[in-house]
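Take a look at the letters that make up each chain.
6 protein chains.
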Amino acid sequence: MEKTRYEIGLEKLAEVDGRQGDRVIQSLKELAPDLGKFIIEFAFGDIYTRPALDLKQRECVTLSSLAVLGGTENQLRVHINGALNVGVTPEEVIEVFIQCIPYVGFPRVLNAVSVAKEVFKSRKIIQ
Amino acid sequence: MEKTRYEIGLEKLAEVDGRQGDRVIQSLKELAPDLGKFIIEFAFGDIYTRPALDLKQRECVTLSSLAVLGGTENQLRVHINGALNVGVTPEEVIEVFIQCIPYVGFPRVLNAVSVAKEVFKSRKIIQ
Amino acid sequence: MEKTRYEIGLEKLAEVDGRQGDRVIQSLKELAPDLGKFIIEFAFGDIYTRPALDLKQRECVTLSSLAVLGGTENQLRVHINGALNVGVTPEEVIEVFIQCIPYVGFPRVLNAVSVAKEVFKSRKIIQ
Amino acid sequence: MEKTRYEIGLEKLAEVDGRQGDRVIQSLKELAPDLGKFIIEFAFGDIYTRPALDLKQRECVTLSSLAVLGGTENQLRVHINGALNVGVTPEEVIEVFIQCIPYVGFPRVLNAVSVAKEVFKSRKIIQ
Amino acid sequence: MEKTRYEIGLEKLAEVDGRQGDRVIQSLKELAPDLGKFIIEFAFGDIYTRPALDLKQRECVTLSSLAVLGGTENQLRVHINGALNVGVTPEEVIEVFIQCIPYVGFPRVLNAVSVAKEVFKSRKIIQ
Amino acid sequence: MEKTRYEIGLEKLAEVDGRQGDRVIQSLKELAPDLGKFIIEFAFGDIYTRPALDLKQRECVTLSSLAVLGGTENQLRVHINGALNVGVTPEEVIEVFIQCIPYVGFPRVLNAVSVAKEVFKSRKIIQ
Chain E
1 MEKTRYEIGL EKLAEVDGRQ GDRVIQSLKE LAPDLGKFII EFAFGDIYTR PALDLKQREC
61 VTLSSLAVLG GTENQLRVHI NGALNVGVTP EEVIEVFIQC IPYVGFPRVL NAVSVAKEVF
121 KSRKIIQ
Chain V
1 MEKTRYEIGL EKLAEVDGRQ GDRVIQSLKE LAPDLGKFII EFAFGDIYTR PALDLKQREC
61 VTLSSLAVLG GTENQLRVHI NGALNVGVTP EEVIEVFIQC IPYVGFPRVL NAVSVAKEVF
121 KSRKIIQ
Chain L
1 MEKTRYEIGL EKLAEVDGRQ GDRVIQSLKE LAPDLGKFII EFAFGDIYTR PALDLKQREC
61 VTLSSLAVLG GTENQLRVHI NGALNVGVTP EEVIEVFIQC IPYVGFPRVL NAVSVAKEVF
121 KSRKIIQ
Chain A
1 MEKTRYEIGL EKLAEVDGRQ GDRVIQSLKE LAPDLGKFII EFAFGDIYTR PALDLKQREC
61 VTLSSLAVLG GTENQLRVHI NGALNVGVTP EEVIEVFIQC IPYVGFPRVL NAVSVAKEVF
121 KSRKIIQ
Chain Y
1 MEKTRYEIGL EKLAEVDGRQ GDRVIQSLKE LAPDLGKFII EFAFGDIYTR PALDLKQREC
61 VTLSSLAVLG GTENQLRVHI NGALNVGVTP EEVIEVFIQC IPYVGFPRVL NAVSVAKEVF
121 KSRKIIQ
Chain U
1 MEKTRYEIGL EKLAEVDGRQ GDRVIQSLKE LAPDLGKFII EFAFGDIYTR PALDLKQREC
61 VTLSSLAVLG GTENQLRVHI NGALNVGVTP EEVIEVFIQC IPYVGFPRVL NAVSVAKEVF
121 KSRKIIQ
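For the record, the sequence lines run as chains E, V, L, A, Y and U.
Mapping the first sequence onto full-length UniProt numbering, position 96 (from 1) lands on 96, and the numbers just tick up by one.
Mapping the second sequence onto full-length UniProt numbering, position 32 (from 1) lands on 32, and the numbers just tick up by one.
Mapping the third sequence onto full-length UniProt numbering, position 14 (from 1) lands on 14, and the numbers just tick up by one.
Mapping the fourth sequence onto full-length UniProt numbering, position 106 (from 1) lands on 106, and the numbers just tick up by one.
Mapping the fifth sequence onto full-length UniProt numbering, position 80 (from 1) lands on 80, and the numbers just tick up by one.
Mapping the sixth sequence onto full-length UniProt numbering, position 15 (from 1) lands on 15, and the numbers just tick up by one.
Errors might be hidden in some of the hints.
A pair counts as met if it fits within one copy or between any two copies, since identical chains are not told apart.
Said to hold, decoys possible - Quick list of in silico lysine to aspartate or glutamate cross-link-like pairs, EDC-like style, CA-CA up to 16 Å:
hint	residue 1	residue 2
1	K117	E91
2	K124	E30
3	K121	E91
4	K3	D22
5	K56	E15
6	K117	E30
7	K29	E118
8	K56	E92
9	K37	E11
10	K3	E92
What the hints contain is simulated information worked out from the structure, not anything from laboratory work.
Taking the hints into account, I'd like the entire structure generated from these sequences.
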């Protein structure tokens with residue numbers, strides 16, 4: 001029997017974000033359950049599963065999108081973890097942010113690097 | 001004799017953007033020559049030459065940054081060409097933009113895809 | 001037999017945007033057909049069909065979102081038409097934009113009103 | 001005797017935001033009293049009192065504007081309360097944010113819903 | 001007899017923007033006359049007339065605000081003219097934009113400089 | 001012997017930001033030392049040292065850029081201090097933010113004024 005978009009998305013979410021993403025979905029359960037459903041079905045079920053880019057490339061695009069957007073500390077936390085989970089190296093995470101400097105300036109990049117620092121500490125990548 | 005940051009940047013600019021980038025620099029000559037100099041020295045001399053990410057990865061980050069930022073049609077035109085010049089496929093260009101949808105919504109992505117369409121036509125990738 | 005999300009979305013798109021939305025989808029056919037599919041399935045099939053807000057309320061939220069976002073002239077053109085199609089009055093369209101002034105300032109609102117002017121002319125609402 | 005714009009705005013502010021808005025104005029008293037005066041006179045005296053949209057509609061436009069803008073947690077807190085004060089239901093508040101997803105993506109909407117959750121808890125709408 | 005806010009604002013608008021600003025107000029006459037009234041009364045009557053900063057300083061702040069905001073080509077055109085009208089030199093206009101680079105990156109600054117180039121040509125400052 | 005861009009930038013950073021800026025650079029030492037180097041060499045070495053605008057004017061442009069950008073509380077804290085260090089008065093700091101209202105609305109300005117309040121307290125300018 002064919003998997004639903006929800007099941008496909010849930011598997012992809014687990015692959016990328018592990019427990020972090022699950023916590024976001026759980027926190028939406030009472031108030032806005034459909035918002036969690038859309039993230040799973042559409043973002044992870046429809047988009048992340050597409051060919052043409054692998055998961056490492058997708059997470060690098062996501063990191064730069066979130067850094068440029070700004071005010072996305074919570075989402076950066078989830079996706080810096082996600083990037084590391086799928087094999088992006090810590091050095092590459094930082095370098096994605098540095099590559100954004102010419103296009104968006106230092107403040108957005110400093111904010112993103114500051115979230116990276118926190119995530120790297122929690123994963124004992126740095127002290 | 002060691003190359004200057006300007007010379008290094010100019011070579012990198014030529015490698016990435018070919019004539020397109022050169023036209024941007026030329027157009028700044030009379031009014032704001034230092035702006036062109038900063039783009040060459042800092043963006044291309046200091047940033048694009050760094051290790052950790054190759055030019056294809058850098059251009060993908062640039063494309064998503066510009067798409068998310070919005071109001072960057074001129075810069076997208078230069079860097080969609082740049083991405084193709086360094087080996088990003090047309091399919092990957094479109095996919096980078098599609099990966100931005102969950103983070104920035106449809107309008108920014110539609111605008112970026114519309115510039116891609118124009119660039120792909122001018123390069124005879126599509127009719 | 002149950003309608004697919006695509007069929008549901010296509011009906012909703014026709015109800016809201018008429019031919020304008022269809023033109024956007026057609027223009028994506030060759031280069032990024034899935035982008036058009038996502039707009040129909042997700043935006044119109046999943047979101048616009050939800051209860052709690054009627055179509056007039058949804059279009060007012062859309063108009064303010066697009067005005068605040070900026071750089072969305074093409075999308076404003078589609079959705080100012082959409083708003084009028086579902087019964088938002090021209091006066092209400094303008095008033096939605098005026099209500100945004102305290103939160104986003106005059107330039108974004110002037111740009112949105114300028115698109116409204118063009119749409120109202122094309123529909124002979126004003127001369 | 002005719003009311004001043006300040007008096008008209010103060011009444012409208014009380015109607016919409018109750019004590020929350022007043023606290024914002026008070027906090028500006030020492031450092032930037034004119035900023036508080038402009039919010040009362042212009043935003044609430046000139047804009048919120050206009051016809052064509054009622055207060056519920058105005059607050060829905062405000063909520064979507066603030067959600068799309070991002071980095072506006074303090075203002076969302078005031079206006080989610082304001083929206084509930086003038087009769088927007090909790091379900092409608094959430095739905096306004098969900099309607100923004102196609103135009104601005106998930107992160108801005110997740111941030112807004114997270115402020116709504118906090119406000120709904122403080123008003124005992126949810127536990 | 002005391003001048004109204006409208007009269008005060010109109011004088012200030014004439015002082016800063018000359019005919020350009022007037023054209024913006026005229027273009028709003030039929031569709032959104034109150035929007036023009038708010039620009040005159042609030043922006044020019046209430047804000048531009050305040051002490052603490054002179055008109056040159058105010059226009060420099062305006063130029064950087066518009067450059068950073070993006071998607072504001074029409075407003076930049078008005079205010080680059082306005083800045084020159086009140087005594088900001090062409091060199092200072094460009095330098096305000098260059099000072100924004102570290103905070104907002106090259107694309108926003110390139111777009112602003114490109115409007116400056118057009119204005120300087122129309123005023124025969126450059127050829 | 002000629003000073004390097006790094007030395008020139010470091011002197012300028014000390015002149016503008018004193019210890020605050022140094023703390024930002026230190027915090028980048030382990031994780032992204034080149035990011036700190038670019039801020040010193042490019043932002044402070046190349047840009048802040050240019051003629052045409054003095055340091056007070058540059059800091060006013062910086063303050064409005066950061067206020068308009070949003071999500072820049074950390075950078076505003078550094079540069080409100082920087083502005084005061086180079087002779088911008090507290091009244092002028094607030095007035096720069098007030099001048100941004102017509103272009104970017106109240107929320108961004110309220111956020112910036114709120115950081116100013118905190119900085120002014122820490123410097124005992126207000127209680």
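* Tell me, please, which holds for K3 and D22 at an alpha-carbon limit of 16 Å: within, between, both or neither? => This pair counts as neither: shortest intra-copy Cα distance 19 Å, inter-copy 30 Å.
* Tell me, please, which holds for K29 and E118 at an alpha-carbon limit of 16 Å: within, between, both or neither? => between (27 Å within a copy, 14 Å between copies)
* **Intra/inter-copy verdict for K124 and E30 if alpha-carbon distance must be at most 16 Å** => between (33 Å within a copy, 14 Å between copies)
* Up to 16 Å CA-CA - E92 versus K3, copy category -> Cα proximity of K3 and E92: none, with 34 Å in one copy and 27 Å across.
* Quick one: K117 to E91, C-alpha cut-off 16 Å, is that within a copy, between copies, both, or neither? -> Classified as within; 11 Å inside a copy, 34 Å across copies.
* Asked: What label fits K37 with E11 when the C-alpha limit is 16 Å: within, between, both, or neither?
  -> For K37 and E11, only the intra-copy Cα distance (13 Å) is at most 16 Å; the inter-copy one is 23 Å.
* To do: Give the relationship of K121 and E91 under a CA distance limit of 16 Å: within one copy only, between copies only, both, or neither.
  => within (14 Å within a copy, 37 Å between copies)
* Should K56 paired with E92 be assigned to within, between, both, or neither, using CA atoms and 16 Å as the limit? -> Both, since 10 Å and 13 Å are each at most 16 Å.
* Asked: Using 16 Å as the alpha-carbon threshold, which applies to K56 and E15: within, between, both, or neither?
  -> within (12 Å within a copy, 25 Å between copies)
* Pop the pair K117 and E30 into one bin, within, between, both or neither, using alpha-carbon distances up to 16 Å. => between (32 Å within a copy, 9 Å between copies)
The structure is inconsistent with the numbered hints 4, 10, although it conforms to all the rest.
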